[in-house]
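For the record, the sequence lines run as chains A, B, C and D.
Position in the first sequence (from 1) plus 8 gives the number in this note's numbering.
Position in the second sequence (from 1) plus 8 gives the number in this note's numbering.
Position in the third sequence (from 1) plus 8 gives the number in this note's numbering.
Position in the fourth sequence (from 1) plus 8 gives the number in this note's numbering.
To be clear, the hints were calculated from the coordinates, so they are not data collected in a lab.
Treat the hints with caution; some may be incorrect.
Note that identical chains are pooled: a pair holds if it fits in a single copy or bridges any two copies.
As the list claims (entries may be wrong) - Derived SDA-like pairs (lysine to any residue); straight-line CA-CA distance at most 25 Å:
#1 K78 - D286
#2 K210 - R156
#3 K268 - E14
#4 K210 - T89
#5 K268 - E152
#6 K267 - P76
#7 K207 - P140
#8 K85 - S252
#9 K268 - Y145
#10 K78 - D310
#11 K78 - R209
#12 K267 - Q68
#13 K78 - E152
#14 K267 - R329
#15 K78 - P140
#16 K210 - L79
#17 K210 - D286
#18 K267 - V71
#19 K268 - V71
#20 K268 - Y253
4 protein chains.
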Amino acid sequence: MVVVMEERATEEQIERVVAQLVTMGYDVHRSTGATRTVIGAVGGARMGDPRLVELLEGVQEVVRITEPFKLASRTFKQDDTVFLCGDVRIGGDEVIVMAGPCSAESEQQVQATAAAVKRAGAKVLRGGAFKPRSSPYSFQGLGEEGLRLLRAAADQHGLPLVTEVMDASQIEVVVQYADVLQVGARNMQNFTLLRELGKTRKPILLKRGISATIEEWLLSSEYVLAGGNMHVILCERGIRTFESYTRNTLDISAIPVVKKLSHLPVFVDPSHGTGRRDKVAPMARAAVAAGADGLLIEVHCDPDHALSDGAQSMFPSQFERLMAELRIIAPAIGRSICVEPVARRGWGR
Amino acid sequence: MVVVMEERATEEQIERVVAQLVTMGYDVHRSTGATRTVIGAVGGARMGDPRLVELLEGVQEVVRITEPFKLASRTFKQDDTVFLCGDVRIGGDEVIVMAGPCSAESEQQVQATAAAVKRAGAKVLRGGAFKPRSSPYSFQGLGEEGLRLLRAAADQHGLPLVTEVMDASQIEVVVQYADVLQVGARNMQNFTLLRELGKTRKPILLKRGISATIEEWLLSSEYVLAGGNMHVILCERGIRTFESYTRNTLDISAIPVVKKLSHLPVFVDPSHGTGRRDKVAPMARAAVAAGADGLLIEVHCDPDHALSDGAQSMFPSQFERLMAELRIIAPAIGRSICVEPVARRGWGR
Amino acid sequence: MVVVMEERATEEQIERVVAQLVTMGYDVHRSTGATRTVIGAVGGARMGDPRLVELLEGVQEVVRITEPFKLASRTFKQDDTVFLCGDVRIGGDEVIVMAGPCSAESEQQVQATAAAVKRAGAKVLRGGAFKPRSSPYSFQGLGEEGLRLLRAAADQHGLPLVTEVMDASQIEVVVQYADVLQVGARNMQNFTLLRELGKTRKPILLKRGISATIEEWLLSSEYVLAGGNMHVILCERGIRTFESYTRNTLDISAIPVVKKLSHLPVFVDPSHGTGRRDKVAPMARAAVAAGADGLLIEVHCDPDHALSDGAQSMFPSQFERLMAELRIIAPAIGRSICVEPVARRGWGR
Amino acid sequence: MVVVMEERATEEQIERVVAQLVTMGYDVHRSTGATRTVIGAVGGARMGDPRLVELLEGVQEVVRITEPFKLASRTFKQDDTVFLCGDVRIGGDEVIVMAGPCSAESEQQVQATAAAVKRAGAKVLRGGAFKPRSSPYSFQGLGEEGLRLLRAAADQHGLPLVTEVMDASQIEVVVQYADVLQVGARNMQNFTLLRELGKTRKPILLKRGISATIEEWLLSSEYVLAGGNMHVILCERGIRTFESYTRNTLDISAIPVVKKLSHLPVFVDPSHGTGRRDKVAPMARAAVAAGADGLLIEVHCDPDHALSDGAQSMFPSQFERLMAELRIIAPAIGRSICVEPVARRGWGR
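The task is simple: from the sequences and hints, build the whole structure.
If you want it as C-alpha cells, here you go:
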C-alpha cells in the first residue's frame, strides 16, 4: 500500500499514519519530497483494508500495490497452465471449441446437435440441464434427466462434456455426468459454491460476471485454486455497459489483459456475449484473433424451436462455416484448430 | 410484443411474422401505415422470447410490452405493501432505520453497538454472521456463534434482527435467530436461494445486485413472491458505473422509479453504496428526501478496529447526529422518524 | 508517481526505471521490501505520462499520486468559493434555485414562466436560446431573438439570467445578454470554448459530461480557471449507466465528493438528470439533502405544449410545492432557501 | 410510436392518448386485447417526443418505432457506401490501414514515421496538429506548422492525409492540408462543428464518443450527411465502462451492429481504444476478424520520446509484424490487405 499525504499534512498526522501501518503489520518506508510525503507499506497482511488508512487526517490518497489474487497470478506461476480434459488439451497451441445446445431438451435434439458439432470440429460438448433464468416463469431445464441425455450423446460421439452447476447442493449429482463443471456469470461470486468446487478434481469453467472487474474475476478463481483444484478455465461472456443494441458488450480486450496477469486459460462465449445468432460468428472470429484459448458456442439442430436462447443459437451449417473461417485465422497468431478425422473425410457422409 | 416491420418488408414476410406470433399463442393485430406495418401481439405466452421474432426476415425491431414481473407489480396490487416485523411497521409512514455492525465480532462489540443504535432511534438491529467476501483470504464471519451474539443483543434491547443468509443450506440455521433474512447483492440472482426463501414465512430484505437493472431486481423478488412469501423489502445499495471516486454509485433515482412500478417497500443502504463513512450521512439524507421507506446503516462502537468494513461504519455519535437530521427532513414528504421513549427521556440515563 | 516492480524484477530493470524517472524530472525514492521494490517519484513534471514507465520491463503497476487539477483543488484554496451574481450570493449558506423554461419560445411564454418561478422563490432565471440537439431534425432554439426575450423577462422580474453558449463563436453575442454562461454536458471537453470562456469575466456554469469522471470534470474547470476566470459553478446532471428506466443516473454522491476535492460551488440539474417531470422533485430534494449549493430546474408555464423537453418541465404549481418542501429540508444541514418579499406577502396578489 | 396502456386504463384515458397522438400528426391504430390496449402511431412527425405521451394518465410505456437517423440508415440506402480518397478506395473489399504519429513533432519524426508506415502497407497517413487534451497543462500540438509537416510527408510518400479538426474556426485552415477531416470522440456532439463539416466536400472520419450509444453516433453522422457531404467514415475507439484495466473498452461488437444498421464504412482505432502498445495488435486483429473496413493506428519512429501518447504508439517493427498477421486474417472474411509494390519487393531495401 502507498499512502500519499496532503501537501499541508503535519508531522503528527504523518506519524499517526505510520503507526497505523505498523499495527497492520507492514514494513514502512517514508519518502519526503519537496511538496509532500509518500509512505510505502510493503509486506504485511495481504488484505489490510486500505480505506482504514484513507480516513486518517492528512491523508490524500491510498493505493493498493499488490494484486490481491495470488495463485491465479503470473507472479506465482509464470508458465501457462495446460491440462488434459479427456484427451483434449486445454491451454495449448490448439484453440478448443466447445459447442452444443443451450439446454438439453430431448434425446433426439441432443444427439443431432452433438453429431453436428463433432463433425464441424468441436472438441467438447456443451449443454445445460440446470438453467438459471431471470424469471421464475421461464423454462428451468430438465435436471438430472438432461444430464443423462448429454452424457449419452457425449459418449456416443467421443466428446468430453461441460455443463453448469448452479448450487453447491447440485455438485454431487453433476460431477457424476460432467467432465468440466461450469459456473455461470450470475454465480461468479457465489462463494459457497466456489469453495465446494475447489474440493472437486474436475476442471472448472468460470464465467465472468456481467459487471465483474477482471480483478474480481481472478479473485473468484482464487476460491477454487485455494481449495487445491488448479484446473480453472476463465470464460469471458460480455459485460454490462450503457450500450443496448447488443445484450452485453463482449470485452475482447479482456483476453490479452488476463493472459498477461494470469497463467490460466481464457475462453470466450460469443453466444451469451451478443445474444444474437448473426453476431456470434464475427465475435468468435475476433476472440480467436485476439488470442483466446478456446470458445464456448451455442449450436442447436433446430434453433427456431429451442426452449431457451434459440435466438442466439447457431444453425449447424453456420457453425461449420465459422469453423472454416477460424481455421484461416488461428495460424495468424501461431495457433491451430484441429480437424477431426471424420470431418477430414468429408462432411457429407 | 410489438413487431415493427422494415419499410421494404414484403407481404410474405409480414405473413410469416404473423404466423410465428400465432404459434407462440398471441392475439395478433396488424396495423398498416403509409410507410410501414406494425404488428401488435397481446395476451399469449408471457415469456415468449422476442428475439425469435426479431431474427425473421423483414423485421426491424421487436418491443416487449408487458413487464415480465407480475406479483411485484403495481398492476397486480395497487396499494403499498405494509407489514409488521415484531412491532415495527415496515412500509408505513414512519421511515425505519436498521443499524448495527457489519459483522458480529464479540459479545461486547455487539451489545455496545446495539445499545448505541437503539438509543439513537434505530428500530431494527442489523449484523452479519456469514460474510461473503471477494477474496478467500478475508475474514468470513463468526458463523452460528455470531448469530447467537446478535440474537442476544437484539432481545436485550427489544429490537428485531436482520442478518444475511448466503446459501440455501444456511436457511435452516439462520431462520432460528433472525426476524428478517437478508439476501446480499452478489446473491440477487442465486435462484436456488431465492426459491427456498419463498418457502419461509420471514420477511426477506433483497439487495439490488451492483449491475442489476430495476427489472431484473423485481424479477428476483418475484422468485420469493411466487413461493408465497409476500413480505419482501427491496434494498438499493449502489450500482457499478465508470466513476471510481466512490465504491459504487448509489442510485437514488431508483427509489421513485421502484415506488411507481411496485408496491413493495424500498430501503437504501448508504454504507455499502458509498464505502466511506464520511459519505454515509449525505446519502442517507438524500435517500429519505427522495422517499425511501427505510435505511440500513453500518454503525460500530469502535470502527477503527472493526474486522470488516470499518471504513464505512459510522461512530455512534455520527449516527445520532444523522438521526437528528433525518427527523428534520422526513416531514418534508409527510413522513416521520420516531423517537424511542427511552431516547426522549434523555440519552444520559 | 509510484512504481511497483514485479517480485521477480532484476536490479538492472529497477535501475532502468529509476533512470527514466530522473529523465522525466522526478525526485526518486527507492524502497526495497521483503518481496518487492517500490519506487516513489515526487515533484517533477506535473504531466509526465505514467504509461511510459508502465511499459518498461519488470514494472507491475504505476500509480499517479497528485491530482492533475490544481486551481480547482482544495489543496490550492481551502475556503469555499463564494461570489455575487447580481445581488445573488452563489456558494454561501443559501441554496440558490435557478429555474425557467428549457427554451425561450415566445414573449408570453418567457414572461409567464419568469413570473411564476420568481413568485415561488427562484433567484436566477434559466432559459435556452441556442439548443444542442442529438438530431439535426429537432428544434434548435430561437437564437439571438431568444436571448432578447429572456433578458427582458429577467429585467422585468429582477432576476439574473443563465443561458447556454454552444460554441466559441457565440460568446460575443451571449455575453451581452447573460449574467451566467452555461456550458452544456456535450461541450464539457470542448477545450476551444472553455479557453475562450476563461477570458470572460462572467460566471461559468459547467455541466458534467454524461460520461465524465469527476477528475475530468475538474480538469475542464481548470481550463476556465487557468484563463483567470475564478467564478465557476459545477453542475451535476446525471451520468450514463446501464440502467435505462431513467434517462441518466443522477450521481448524488458526486456532491459530497466534489465538495471535499474542490472549493467550487456544486449545483444539480434534476430535470436533465432524470428526464421525467415526476422524478424531478424527489431528486431535487435529495440534492439539497446531500449538500448541493443550488439547483437548476426546468419550469414551463405550459409544459404540454413546450417545443423541447416538455416532458421534464415542471408545472408552476409543482415547482411551488417543491420549493416549500426544500425550505423544510435545507435547515437539516444548516442552510436556508430564502423567500422573496413578494412571496412572503402571499402568492395570491 | 407504440403506446401500451395500463391494464386498468379507462376508456377516457385511452381516448385522451389517441387525441394527443392525432395532434402530433400520427395515423393511429388501436388494438384491444384481452387484458390491455395497445395503440400504434405511424407516419407523422419524425421527432415527436414520446415522453409527452408517456406522462398521460393510464399509459404504461411508450416505445419509439422508427430509427431517428435517416440518411445514415440502410433503409435509406441499401448498398455499402464506397468512395475514393485520392486513389484509395474506402469501404471496398480492401481493408484500409491509416497509420502515423499521434502528433506531428518535427520534420524528421514525421518523415521517418511516414516512410515506415508506407513500407509496411499503410494506405493513409494519420497525424495530429491540433490536439484536444483533458488538461490545459499538456502539450497541445504544433498547429498549422504541424499541418505543413504532415502534408509534406504525405506528398513525399504518396499517401493521403487524415488529421483532426477541433473547432469550426479551424476548418478553413485544415481543409487546405488534409484529405480526410477527423472529428475526435470529445467532439462527436459538437453540432456547430458537424454542421460546418457537412458543407465541405472532404471525407469526414467521425469517432464515436466514449459514452455515445450507436444511435447517437449515427445521429451525429446525420448532421454531416444532411449538409450534403455523404462521405462519412465511422470510427469506433472504445467506450467507457466500469473496467479500468484498459483505458476504454473497445466495442468490437459495434462493427457488425453498425454494418447492419448503416451503409457507411466502419473503422476501428485500437490505439486509443486500449491506451497501451501491447494491446494494440490483438485488438487490431480482432477488429479485422469482426469485419471492420479499416484501422487507424498510432505508430511513432521513437515512441519512448513521443510528446503525446507514446505509450500507445507502436514501434515500426511491431506495426510491420501486425500488418503481416492481418494479411492472414483478412481472407477469412473475403477481404484483402494490399501490399505496396515497394513492400512486395522486400522490406530489407
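Going through the hints against the structure:
Proximity of K78 to D286 under the C-alpha cut-off of 25 Å is restricted to the inter-copy arrangement: shortest distance 23 Å between copies versus 39 Å within a copy. Proximity of K210 and R156 under a CA criterion of 25 Å is satisfied intra-copy only: 18 Å inside one chain copy versus 37 Å between copies. For the homomeric pair K268 and E14, the shortest alpha-carbon distance between copies (13 Å) is at most 25 Å, but the shortest distance inside one copy (34 Å) is not. In this assembly of identical chains, the alpha carbons of K210 and T89 lie at most 25 Å apart only when taken from the same copy (15 Å versus 47 Å across copies).
Proximity of K268 and E152 under a CA criterion of 25 Å is satisfied in neither setting, with 39 Å inside one chain copy and 41 Å between copies. In this assembly of identical chains, K267 and P76 lie within 25 Å of each other by CA distance solely inside one copy; the values are 17 Å within and 31 Å between copies. With identical chains, the CA atoms of K207 and P140 are at most 25 Å apart both within one copy (23 Å) and between copies (19 Å). Within a single copy, K85 and S252 get their C-alpha atoms only as close as 39 Å, which misses the 25 Å cut-off; across copies the closest is 24 Å, which meets it.
Taking identical chains as interchangeable, the C-alpha atoms of K268 and Y145 lie at most 25 Å apart only when they sit on different chains, with a minimum of 23 Å there against 42 Å within one chain. Within a single copy, K78 and D310 get their C-alpha atoms no closer than 44 Å, and across copies no closer than 31 Å, so neither meets the 25 Å cut-off. Taking CA atoms no more than 25 Å apart as the test, K78 paired with R209 passes inside one copy only; the shortest distance there is 20 Å, against 42 Å between copies. Taking identical chains as interchangeable, the C-alpha atoms of K267 and Q68 lie at most 25 Å apart only when they sit on different chains, with a minimum of 14 Å there against 33 Å within one chain.
In this homomeric assembly, K78 and E152 never come within 25 Å of each other (Cα to Cα): the closest approach is 36 Å inside a single copy and 30 Å across copies. Taking identical chains as interchangeable, the C-alpha atoms of K267 and R329 lie at most 25 Å apart only when they sit on different chains, with a minimum of 20 Å there against 28 Å within one chain. With identical chains, the CA atoms of K78 and P140 are at most 25 Å apart between copies only, with a shortest distance of 19 Å across copies and 30 Å within one. In this assembly of identical chains, K210 and L79 lie within 25 Å of each other by CA distance solely inside one copy; the values are 18 Å within and 40 Å between copies.
Taking CA atoms no more than 25 Å apart as the test, K210 paired with D286 passes in neither setting, with 33 Å inside one copy and 34 Å between copies. In this homomeric assembly, K267 and V71 come within 25 Å of each other (Cα to Cα) both inside a single copy, at 24 Å, and across copies, at 22 Å. Taking CA atoms no more than 25 Å apart as the test, K268 paired with V71 passes in both settings, with 21 Å inside one copy and 19 Å between copies. Taking the shortest alpha-carbon separations for K268 and Y253, only the inter-copy value of 11 Å comes in at or below 25 Å, while the best intra-copy value is 30 Å.
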